[in-house]
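Chain order of the listed sequences is A and B. Residue 0 is where the first sequence starts when you use numbering that gives the first Met the number 0, and the numbers rise one by one after that. Residue 0 is where the second sequence starts when you use numbering that gives the first Met the number 0, and the numbers rise one by one after that.
Misleading hints may appear alongside valid ones.
No copy labels: a pair is met if it fits in one copy or bridges any two.
Straight-line alpha carbon distances no greater than 20 Å define the calculated EDC-like cross-link-like pairs of lysine to aspartate or glutamate that follow [claimed, not checked]:
| no. | residue 1 | residue 2 |
| --- | --- | --- |
| 1 | Lys61 | Asp168 |
| 2 | Lys225 | Glu52 |
| 3 | Lys86 | Glu367 |
| 4 | Lys349 | Asp370 |
| 5 | Lys222 | Asp140 |
| 6 | Lys188 | Asp168 |
| 7 | Lys349 | Asp175 |
Simulated from the structure, these hints should not be mistaken for lab results.
There are 2 protein chains.
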Amino acid sequence: MKPNFTLRLRVFNLNCWGIPFLSKHRADRVKRLGDFLNMESFDLALLEEVWSEQDFQYLRQKLLPTYPAAHYFRSGIIGSGLCVFSKHPIQEFTQHVFTLNGYPYMLHAEYNRQKDIYLAHRVAQAWELAQFIHHTSKKADVVLLCGDLNLHPKDLGCRLLKEWTGLHDAYLETRDFKGSEEGCTMVPKNCYVKHQELGPFPLGIRIDYILYKAVSGLYISCKTFKTTTGHDPYSGPPFSDHEALMATLCVRHSPPQHNPSPTHGPAESSPLTSVLREAWAEVDQGMAQAHWWATMAGYAVGLGLLLLALLCALAAGGWMREAALLLWTPSIGLVLGAGAFYLFHVQEAKGLCKTRAELQHVLGRAREAQDLGSESQPALLLGQQERDRAEEQ
Amino acid sequence: MKPNFTLRLRVFNLNCWGIPFLSKHRADRVKRLGDFLNMESFDLALLEEVWSEQDFQYLRQKLLPTYPAAHYFRSGIIGSGLCVFSKHPIQEFTQHVFTLNGYPYMLHAEYNRQKDIYLAHRVAQAWELAQFIHHTSKKADVVLLCGDLNLHPKDLGCRLLKEWTGLHDAYLETRDFKGSEEGCTMVPKNCYVKHQELGPFPLGIRIDYILYKAVSGLYISCKTFKTTTGHDPYSGPPFSDHEALMATLCVRHSPPQHNPSPTHGPAESSPLTSVLREAWAEVDQGMAQAHWWATMAGYAVGLGLLLLALLCALAAGGWMREAALLLWTPSIGLVLGAGAFYLFHVQEAKGLCKTRAELQHVLGRAREAQDLGSESQPALLLGQQERDRAEEQ
C-alpha cells in the first residue's frame, strides 16, 4: 500500500440459516440475497450456515461477475456451512477445525444461559480461535474476524477472544451506526425468530460480529456500520433469522501519533490476566466434569458386560432362553453406547486439558515476568501482547 | 540476535517406541535415555511415541535441572505421544491435529509400499503440515521440523513438504556426518527391528528427520549431524527401535552474499509445480476411492435395514422365532458398522476434497500468474515462494 493512500473495504456478513428442508423459504431468501449482494458489490461477503453446497454453487454462478473469487469450506461430515465471496483475488485459504465441538448427543447453539453446559467448550473454542489468529497473523496487514460467534459481547469467550487478539468490535468503534437497537443481530421483529429463542433477552441479542485489527504499521477504523432490522434492506421479508451486518472499513498507514502507549495496568491486574484466569477456572471445571462422565461411562460399560455374561450363561443353561435372547441386543447396545460415551468424554477431557495447559503457560509466563520485576508495567509477556496491539493501532 | 553473533543449537530427536505393555524394555530404555540427555545437555530434545504420560513425568523430573522447560502434547483419546524438553524457556506452544489420520479399522504406519492404501492420507497430511508451517512461520526467525515422518526421502509427501516450505534436510546439508549408512533411522543391526519390517529395504530406511530453515534475514546451517547405529551411544542396547538423531545447527545473520537468486526454472516446469500436480492427482484418486467406499457402505446399510425388517416380520409372525431373535443382533451390528463406515468415508472424502481444493488453488494461481506473463520466470506465486526461500538462505 502506498503512503497516504486509504483503502476502503466494504464487508458484508450474514448467518444465512440455510438448513435444507428445515429453514423456511430458503430458495427465495438465497435468491434475494444474491440479488442484493450483486447490487451492493461489497469487497467481501462472508456467509455462515450455507449448509447446502447447491446453495453455494447457485450463489457462485449468480455472483461470478461481481465477485470473481469464492470459496466453500468443506469439513467433517455435514461441512462447515461457511463460504466467502470476494471482489478481489483470494491469495490463499486455510481452515481450522475446533478440537471440541459440543456434545454430539445434544443439540448445539445458544441455549440455557443460566446453566450453560457448553461453557467450557465455548471458552476452549474462543481460546483456540484466538490462538489461531495469534499464530497466523503475525505478518498480516489486517485481520478481519466476522461471523456468528454464538457469544454475547460480555460472555467470557468473547472477552477472551478480544483481549488475547486485540481485535476491535466494529459496532462499538464506529461513529456512524444505523440498524437495530443495541446492534442486536437476532431481533423479535424478524418473522423467523421465535420469541422463546430469545429467552431472557426479549429485545434481542447480539451474537454476530465484525471484528478487525491492523497489524504491521497500518491503521484500521470503522467508518460506517449497519445492520438490517428484522427485514431485508428494501423492507421486504428478511434474508435470514439473523440480521445482516455491513461495515465500511478504512485502512491506511499508521501515522506516528496513532501509536499510543498501552493503557493497561500491571499484568497482575490487567483485564487480560483476569480474563485468562477466569477462562482457566472455567476450563478446569469442565475438565473435572468430563472426567466424572468418563468414569460413570466406564462403570456403565462394566455393568453392561456383566449383564451380557449373565445372559450368555442363562441362554446356554436353557433358562429363560427367549428372554435372554431378547435382552441380548439392548445389553450390547448398552456396552457400545457407554463405550462411545466413555471415549467421547476421555477425548473431551484431553481437549480441555490442552486448553488449560496453554492458558496456564501464558499465565505462568506473565507471573514469571512480574517476579523478574525487570519491567514494572506492563509485565514482559503481556507487554509484548500490548506492544503488538499498539503497533496495530 | 546481535550482528556477527552465531547461535549454536544442539538438537536431539528420537522416536522412543514407548507403547505401554508392548514395547520391550521400556522402563530401562527411558531411564538410560534420560541419563544420556542429562549428560549431553542438548538445547532441545524432541521425543515421539512417548505414549505413557508416566514416562513423560518420569523424564520431566529427571531432566528438570538440565532442561527446565518441557511440554507434553495431549490430544485425541490416546494422546499424540509427543513431548519436548528445552534448556531454554518455551515462549509459546500450540498444536494442530491432522484432519485425516488413516483408517481406524486398520493398523497404521509404514507398510506395503507397493500398494500403499494410506498414500492419499499421507499426502494430505504432508500438505497440511506444510501449510501449518507456511501460515505460522511468517515472522519466525528459524523453523525446525523434527521427527518420524513415516516418509522416505523420495516419497511424494516428503518432496511436497520440502518444496512447499523450503525446509532443508540436515542429513543432506551437513558436511560432517557420523552414523548409520545412508543416514538410515531404522537399521537391521538394531535388535528391536524385525527384518520383515524393513521389507524391500534390508539395509534400512530413513524416515526420521531434522529439517530446518531460517526466515527473516537469518542464515542457518547444519555443522554436524549424527545418528546412533543400532545401539546406544555407549555401544549398549539401543534406546528404541528407531535411531536417535543429533544435529548441531548454526544460526547467524544472513550476509548479503548469502541471498542467491532463485534457481528454479519457469513455474510450469519447476519441481514445486510438478510435485503439486502429483499430489493433486494422488489426492483426487483417494477422493474417488473414498466416495466409492461411502457408496458401498450406504448399500450395506440399506441391506442391513431390509434384513432387520424381515427378521421383525418373521419374529412377529412366530416363524423361526428363535432364529430371528438370534440374527437380530448381527443385523443391528451390520447396520451400525456399515453406518459408521459410511460416516467415516464421507468425512474422509470431505477432508481429501479440502486438500485438493487447496492444491488446485495454488496451481491455479501459478497458471494465472504465467498467463499474465508479467514475470517471465519464476511465475508470480511461485516466485513469492522462492523469494521467501531466498530470504531465508
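Right, here's what the structure says about each hint:
1. Taking the shortest alpha-carbon separations for Lys61 and Asp168, neither the intra-copy value of 31 Å nor the inter-copy value of 48 Å comes in at or below 20 Å.
2. Within a single copy, Lys225 and Glu52 get their C-alpha atoms no closer than 28 Å, and across copies no closer than 52 Å, so neither meets the 20 Å cut-off.
3. In the homo-oligomer, the alpha carbons of Lys86 and Glu367 lie at most 20 Å apart only across protomers (17 Å), although the nearest pairing inside one protomer, at 47 Å, exceeds that limit.
4. Taking the shortest Cα distances, Lys349 and Asp370 never come within 20 Å of each other, neither inside one copy (31 Å) nor across copies (49 Å).
5. When the C-alpha separation of Lys222 and Asp140 is checked against a cutoff of 20 Å, the pair qualifies only within one copy, where the shortest distance is 18 Å, while the shortest distance between copies is 37 Å.
6. For a Cα distance limit of 20 Å, the shortest separation of Lys188 from Asp168 qualifies neither inside one copy, at 24 Å, nor across copies, at 62 Å.
7. Taking the shortest Cα distances, Lys349 and Asp175 never come within 20 Å of each other, neither inside one copy (45 Å) nor across copies (42 Å).
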